[in-house]
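Q: Chains as they are written, first to last, in our numbering: chain A, 43 to 539; chain B, 43 to 539.
Be a bit skeptical, because a hint or two may be false.
Copies of the same chain look alike in the list, so a pair counts if it fits in one copy or across any two.
Stated by the list, open to error - In silico DSS-like cross-links for lysine-lysine, where the CA-CA straight-line distance does not exceed 27 Å: (1) 252 - 290; (2) 139 - 55; (3) 56 - 102; (4) 292 - 56; (5) 480 - 420; (6) 55 - 147; (7) 102 - 139; (8) 139 - 56; (9) 217 - 230; (10) 121 - 232.
No lab work stands behind these hints: they were computed from the structure. The structure presented is a predicted model; accordingly, all values stated were derived computationally and were not measured.
There are 2 protein chains.
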Amino acid sequence: MNQKYEDFAAQAKKISTIYSATGVLGWDQEVNMPANGASLRSDQLSILSGIAHELRTDQKYVDLIQSLLEDKTLNEVEKCNVRETWRSIDRGRKFSKEFVENLSKVISESFAAWHQAKAENKFEIFAPHLEKLVAIKKEEADIVGYKDHPYDALIDDYEPGTTVAEIDILFEDVKNQLVDFTKQILTKPKTNDSFFYQEFPHEDQRDFCKQLVTEMGYDFKSGRMDLAPHPFCIGFYPQDTRITYRYKTKDLSEIIWSVTHEGGHALYEQGMKMEFVGLPAAGAVSLAIHESQSRLWENNVSRSKEYWQHYMPVLQKYFPGKLDNVTPLDFYKACNKVESSLIRTNADEITYHFHIMIRYGIEKRLMDGTLSVNDLPKVWNESYKNYLGIDVPSDSEGCLQDVHWAHGSIGYFPTYSLGSFYAAQFFDAAKRDMPNLKQDIMEGKLLGLREWLRDNIHQHGMIFTADQLCKRVTGESLNFSHFMNYAKEKYTDIYSL
Amino acid sequence: MNQKYEDFAAQAKKISTIYSATGVLGWDQEVNMPANGASLRSDQLSILSGIAHELRTDQKYVDLIQSLLEDKTLNEVEKCNVRETWRSIDRGRKFSKEFVENLSKVISESFAAWHQAKAENKFEIFAPHLEKLVAIKKEEADIVGYKDHPYDALIDDYEPGTTVAEIDILFEDVKNQLVDFTKQILTKPKTNDSFFYQEFPHEDQRDFCKQLVTEMGYDFKSGRMDLAPHPFCIGFYPQDTRITYRYKTKDLSEIIWSVTHEGGHALYEQGMKMEFVGLPAAGAVSLAIHESQSRLWENNVSRSKEYWQHYMPVLQKYFPGKLDNVTPLDFYKACNKVESSLIRTNADEITYHFHIMIRYGIEKRLMDGTLSVNDLPKVWNESYKNYLGIDVPSDSEGCLQDVHWAHGSIGYFPTYSLGSFYAAQFFDAAKRDMPNLKQDIMEGKLLGLREWLRDNIHQHGMIFTADQLCKRVTGESLNFSHFMNYAKEKYTDIYSL
Numbered sequence: 043m044n045q046k047y048e049d050f051a052a053q054a055k056k057i058s059t060i061y062s063a064t065g066v067l068g069w070d071q072e073v074n075m076p077a078n079g080a081s082l083r084s085d086q087l088s089i090l091s092g093i094a095h096e097l098r099t100d101q102k103y104v105d106l107i108q109s110l111l112e113d114k115t116l117n118e119v120e121k122c123n124v125r126e127t128w129r130s131i132d133r134g135r136k137f138s139k140e141f142v143e144n145l146s147k148v149i150s151e152s153f154a155a156w157h158q159a160k161a162e163n164k165f166e167i168f169a170p171h172l173e174k175l176v177a178i179k180k181e182e183a184d185i186v187g188y189k190d191h192p193y194d195a196l197i198d199d200y201e202p203g204t205t206v207a208e209i210d211i212l213f214e215d216v217k218n219q220l221v222d223f224t225k226q227i228l229t230k231p232k233t234n235d236s237f238f239y240q241e242f243p244h245e246d247q248r249d250f251c252k253q254l255v256t257e258m259g260y261d262f263k264s265g266r267m268d269l270a271p272h273p274f275c276i277g278f279y280p281q282d283t284r285i286t287y288r289y290k291t292k293d294l295s296e297i298i299w300s301v302t303h304e305g306g307h308a309l310y311e312q313g314m315k316m317e318f319v320g321l322p323a324a325g326a327v328s329l330a331i332h333e334s335q336s337r338l339w340e341n342n343v344s345r346s347k348e349y350w351q352h353y354m355p356v357l358q359k360y361f362p363g364k365l366d367n368v369t370p371l372d373f374y375k376a377c378n379k380v381e382s383s384l385i386r387t388n389a390d391e392i393t394y395h396f397h398i399m400i401r402y403g404i405e406k407r408l409m410d411g412t413l414s415v416n417d418l419p420k421v422w423n424e425s426y427k428n429y430l431g432i433d434v435p436s437d438s439e440g441c442l443q444d445v446h447w448a449h450g451s452i453g454y455f456p457t458y459s460l461g462s463f464y465a466a467q468f469f470d471a472a473k474r475d476m477p478n479l480k481q482d483i484m485e486g487k488l489l490g491l492r493e494w495l496r497d498n499i500h501q502h503g504m505i506f507t508a509d510q511l512c513k514r515v516t517g518e519s520l521n522f523s524h525f526m527n528y529a530k531e532k533y534t535d536i537y538s539l
Numbered sequence: 043m044n045q046k047y048e049d050f051a052a053q054a055k056k057i058s059t060i061y062s063a064t065g066v067l068g069w070d071q072e073v074n075m076p077a078n079g080a081s082l083r084s085d086q087l088s089i090l091s092g093i094a095h096e097l098r099t100d101q102k103y104v105d106l107i108q109s110l111l112e113d114k115t116l117n118e119v120e121k122c123n124v125r126e127t128w129r130s131i132d133r134g135r136k137f138s139k140e141f142v143e144n145l146s147k148v149i150s151e152s153f154a155a156w157h158q159a160k161a162e163n164k165f166e167i168f169a170p171h172l173e174k175l176v177a178i179k180k181e182e183a184d185i186v187g188y189k190d191h192p193y194d195a196l197i198d199d200y201e202p203g204t205t206v207a208e209i210d211i212l213f214e215d216v217k218n219q220l221v222d223f224t225k226q227i228l229t230k231p232k233t234n235d236s237f238f239y240q241e242f243p244h245e246d247q248r249d250f251c252k253q254l255v256t257e258m259g260y261d262f263k264s265g266r267m268d269l270a271p272h273p274f275c276i277g278f279y280p281q282d283t284r285i286t287y288r289y290k291t292k293d294l295s296e297i298i299w300s301v302t303h304e305g306g307h308a309l310y311e312q313g314m315k316m317e318f319v320g321l322p323a324a325g326a327v328s329l330a331i332h333e334s335q336s337r338l339w340e341n342n343v344s345r346s347k348e349y350w351q352h353y354m355p356v357l358q359k360y361f362p363g364k365l366d367n368v369t370p371l372d373f374y375k376a377c378n379k380v381e382s383s384l385i386r387t388n389a390d391e392i393t394y395h396f397h398i399m400i401r402y403g404i405e406k407r408l409m410d411g412t413l414s415v416n417d418l419p420k421v422w423n424e425s426y427k428n429y430l431g432i433d434v435p436s437d438s439e440g441c442l443q444d445v446h447w448a449h450g451s452i453g454y455f456p457t458y459s460l461g462s463f464y465a466a467q468f469f470d471a472a473k474r475d476m477p478n479l480k481q482d483i484m485e486g487k488l489l490g491l492r493e494w495l496r497d498n499i500h501q502h503g504m505i506f507t508a509d510q511l512c513k514r515v516t517g518e519s520l521n522f523s524h525f526m527n528y529a530k531e532k533y534t535d536i537y538s539l
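Kindly generate the complete structure, drawing on both the sequences and the hints.
A: Here it is as structure tokens:
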């Protein structure tokens, strides 16, 4: 037994347990808390986060971790725990208290201004705050340090090791391959999805979706599914990982794929190893890898032809008389309707990446100074015209639609696209390893895929980096061609291209 | 501004906020947590309680409070906050770490043994643990110190300042006055309550009860009502105070009075002053005063003739065809049915006090050594025969029925009876101050009573002791005759004595 390592692990678990308690408080805030509960909740969260922060930055703890970085006797899991804990603490240590307070102030003011700007459709209300925000994020990048591009220092916080150079190559592929393909699709008649827009009772929608996630392998003894203003997944630990959903009684498409999406996130969290709980070996590799798990279930599985072969009759039984004349193929086509749209969160899985590419281009240029905040709406609108062929009628539905920048999250957007690309690549590997996968999906047998994902991805936590994991599972680094081939095969079929 | 006091108050609020976070975690555990979530939850609670305990016993904080005890410049509220914080810390300070760990071990083993003993109906499984528990509670009493009776040191933890001498006088009154009166009632034909036992849909039961508590003045913007295995109320602070309920579809009586009971507790919590949150001035005086608020609404209000004059037609609308021939008087009589029974928690408001008196007599004698654990079942059964005229068929339904002793709670039981007696006395004072109160209740106007309780009791937190508060509101100390007169008037009417 390595006493130093045990001491480190005990303290790391304690800190993680406090953060998991703030997770429960956060979940309650979204799902249950009465309106007037906000002021105490904010105090609870700030006090607990403060305590966790103090423990995390305690000099003895920091020294202990630093000494373990050199310890050659640690095994791979232990090395991962030390390395990743250090990575996250080390980034934080670089910032002065003054900088952190200032950043927090700028973000809090930006958020309020963004809220008002969006409501009143006035970009000029948000602009001065975004300028301050860009300035302080540049400062952050300088403090963290980077080799080639200040944006690298920011994306590293969400997607460790990923760089502008790599993302540029990916989006170059998107541009070269996906733009023309999408144009082809958009010349075709739109698929009919009118049957989504009938009256579907809430309880039946919920119960159908509970069946979907249960059959994906989500364990309700280690989770629950609640109504909330926004769908999300939160894992306190593998044995208590919860998802939320929202619905529209007159639009069946609102709930289904958001539940299979959050269910995919939840399988990742539930699939971590209990023995590593509270340590990075039971943590998510990166945002993109997390997103790959949700996108794989949302798109590659629950928007597949095979999936609805099995689930269409199930769905019909939940809603007698509503969908009797809808064939699995009709439903499959409807849930894969491609169209240019203004709002990222409503976009289909193809045009979605243009939304991301546009945002990525803008935030990268804000960071290297080749775009000024004042020119942002103009560039946004031109890009939407250019890539999606649509006119943006207002900044509220344009460059003010997302909260990310107002929250100080610059470098976050690309992880969404990376998630889809990883998903396609992982799904190809799963098909390689399970030749009957499509047949299984057609028969509603999804647990084999869950096991494959658990074996190959979930249980490894942060032991491998995203790139190591990807190579280990698929034999190569992230490669856009998997997504492109998936898209081509699927949409050529749907749209008879 | 008194800097010392401000420093103390800030630290006290911080500690209280951490405890309130454990409250949310506890609520979630009862209401939402999936079965497998238990192990993390236990770690979260133990870590947060440990942190709060460290802060509470920090020598600087203790010294600060001690120095403020002498500060003559504090106002009444500030004095209360210092005095009550000190009282709770000082008790804890007297115990060595070894004693606390030992107590915790004895309780944890007792609880497990009690569980098994109750399930298998074997008192002998619990007996050796109860002996250890009695021994360590005697030690606790010796450490805390007492003047007349070791039990005084224990009840002081729940009902500050109350003594065996006082409770003996009260239960002497119960014996002298309530025993014969109850015998009179029990000679009369039983009231009919068969209409409770029909099929009542859960949702309608819940919605009816939500209406009841809303009209009592419970604020759902500052609370919520959820299904849980046990009904309880938990106040994180006045603006987030939640209640739970349980129901039986075939027994309407299961839900109603437990909701008005918990609603009464909740009005107390919601009625504390927001400006004092986190300090004793926004805390409950004692368990009995808290219980007086629940019993007042449960019995004096929602088991009154006037109440059902108003609510019977409302109830009938919730359950068309089920209660059409039940008059308000029938319903009033049914919900006040008196009968001897084995189980305390199912007892009516009259015989209930015999259950408590028996337990009090036993735990007092266990503490002063005049009763040995081995003789407990015999004394229990004789007392039930003596006071309630019933034979106890098994220890599981007898002296093993309650969890309190197994949890180390000796001195807790009397607070239930004290709560009812305070309730009757407060209700008399309310009638004195509001001559139209009965008429108001008959018209469903309950907010006046809520205001009266808020003005006279809730908003004062711990500023007054229970006795001071009682004198201030009613003009005298706790006096059993209020309860006895209430019981006589009500049950003479119901049973035509």
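Q: Each hint: holds or not?
A: We went through each hint and held it up to the structure:
1. 252 - 290: both (16 Å within a copy, 26 Å between copies)
2. 139 - 55: both (25 Å within a copy, 24 Å between copies)
3. 56 - 102: both (15 Å within a copy, 25 Å between copies)
4. 292 - 56: neither (46 Å within a copy, 47 Å between copies)
5. 480 - 420: Classified as neither; 45 Å inside a copy, 70 Å across copies.
6. 55 - 147: between (30 Å within a copy, 24 Å between copies)
7. 102 - 139: Cα proximity of residue 102 and residue 139: in one copy and across copies (19 Å, 25 Å).
8. 139 - 56: both (23 Å within a copy, 21 Å between copies)
9. 217 - 230: So residue 217 and residue 230 pass the 27 Å test inside one copy only (20 Å; across, 90 Å).
10. 121 - 232: neither (53 Å within a copy, 74 Å between copies)
Hint check: violations occur at hints 4, 5, 10; the rest are consistent with the structure.
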